[in-house]
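J.: Chains as they are written, first to last, in the working numbering: chain A, 1 to 191; chain B, 192 to 309; chain C, 310 to 448.
Just so you know, the hints here were simulated from the structure itself, not pulled from any lab data.
A few of these clues could be false.
[Claimed, not checked] The following residues of chain C were derived to be distant from chain A, with all beta-carbon distances above 12 Å: (1) I315; (2) V334; (3) F363; (4) I372; (5) R378; (6) Y388; (7) L421; (8) S446.
[Claimed, not checked] Below, in silico cross-link-like pairs of lysine-lysine (DSS-like), each with a Cα-Cα straight-line distance of 27 Å or less: (9) A:K188 with B:K291; (10) B:K291 with A:K80; (11) A:K122 with B:K224; (12) A:K122 with B:K291; (13) A:K80 with B:K224; (14) A:K77 with B:K224; (15) A:K82 with B:K224; (16) B:K224 with B:K291; (17) C:K321 with C:K370.
No residue lacks a Cβ here, since even glycine has one placed at the ideal position from N, Cα and C.
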Amino acid sequence: MIDIVINIVLLAFLAITAIAIVRMTNLFAIIMLFGIFSFLSAGLFVVMDAVDVAFTEAAVGAGISTVLMIATIALTKVQKEKHTGKHRPWLPLAVVIITGATLVYGTLDIPAFGDPEAPAQKHVAPYYIKQSIPDTGVPNVVTAVLASYRGFDTLGEVVVVFTAGIAVLLLIGGKRTKQSAIKKEREKDDT
Amino acid sequence: MDFIFSHYNYWITIFLMMVGFYIVISRGNLIKKIIGLNIFQVSAFLLYISIGAVQGGAAPIITEGVELYSNPLPHVLILTAIVVGVATTALALALVVRIKESYGTIEEDEIHEHDHSL
Amino acid sequence: MTHNLILRVISKFLIPLIILFALYVQFHGDFGPGGGFQAGVIFSSSIILYALVFGLDAAEKIIPTAILRILASLGALIYASVGIASIFSGGNYLNYSVLADTPVAGQHLGILLVELGVGITVSAVMLIIFFSFVGRSRP
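Please build the complete structure, drawing on both the sequences and the hints.
T.: Have a look at this one:
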């Protein structure tokens, strides 16, 4: 029972934080709120027994991505979001409400939250839980599935992370060329 | 009443998803757009973990005397997705930095104006 | 930067603990929550803390970017080569059962190596990204 109460309170906090993010215009405040958002969702993952995921979300979402976003506002020197007033909020709002209503209609068929008889719980998960110790000798099923049963998948993910690192290096890793230096180069080429 | 409690998770998740979606389509600031995408992403993670949760289940670390565990498969998928997500977010932020350097702004309208004036 | 005495003292005390915790998460991931992804991120966050408090130049002296680039590719290579090793031992790609005498021991060894590769790549890539962003603000 206490699980459900914590669950509901954390989800309500998440919704409030999300609304605050929409309404704020100060980018630094938005980024800090996003850190809070990540941390709250990490707490929610713990309540839903996903300890490995919570661990990662707390380290990545609340830690590294906040640092990277702050580094970006330091680099771009943009403090506030500009409201030009040209945007009418009604069209996006209508799109969002229609999409949301469709999705809510879709959830009416979903099995109840935490139902042990739901189809998602009956497919491969019992095999993993039963066979993890005999097959691999690893008690943490998440590690066993991650590294052994779905090892090929994880190899792909590691390569994606590696590729993203290379792409960031290519985009902003090198020495910065000053605009004036580029102009000089062009003038040299012209003459 | 029971129905509301058993679907509350999904509805709030959809609400968060739509908040992220709204930020992406209605705001012009690129950093805020990326934060909107991140909110969308986190709510997708929440949806997966909600589907994998089992009432009264334990975390999927095999212990003696425990019979009921949560579904480990969504945990694996989301665990890797979070790390890949931060790597792709970093890539998007790097693009924002480069856009700022060459356009002098990160507001979508001003970038469009700049493009049209060329 | 020179006046943050409390920050400097506390972070000097904390950084070894964070690195130790990262190693614990890395090698204890089989039995408790944790694994290569988390350990990599925690390890890189310790270096990021060092860079935030003592400056980027000091952090780049500890781990030069050239070494980071090698490490990032090394991790992915370790992962892929475990798969190739299992092909040469007579199994399928990434089937660790053939790596040691018994299938369970083989699986254990394979998981350990693969998680090590994941940890190295993730920590190196996170640091590469952080250094790129912060290094960009240099004049």
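J.: Each of the hints needs a verdict: does it hold here or not?
T.: Here is how each hint holds up against the structure:
1. I315: 20 Å, holds
2. V334: 8 Å, violated
3. F363: 15 Å, holds
4. I372: 14 Å, holds
5. R378: 8 Å, violated
6. Y388: 5 Å, violated
7. L421: 9 Å, violated
8. S446: 6 Å, violated
9. A:K188 with B:K291: 26 Å, holds
10. B:K291 with A:K80: At roughly 14 Å apart (the allowed maximum being 27 Å), K80 (chain A) and K291 (chain B) satisfy the hint.
11. A:K122 with B:K224: 38 Å, violated
12. A:K122 with B:K291: With Cα atoms ~50 Å apart, K122 (chain A) and K291 (chain B) exceed 27 Å; violated.
13. A:K80 with B:K224: 13 Å, holds
14. A:K77 with B:K224: 17 Å, holds
15. A:K82 with B:K224: 13 Å, holds
16. B:K224 with B:K291: OK: K224 (chain B) and K291 (chain B) at ~15 Å, within 27 Å.
17. C:K321 with C:K370: Within the cut-off at roughly 16 Å; holds.
Of the numbered hints stated above, those contradicted by the structure are hints 2, 5, 6, 7, 8, 11, 12, listed in ascending order.
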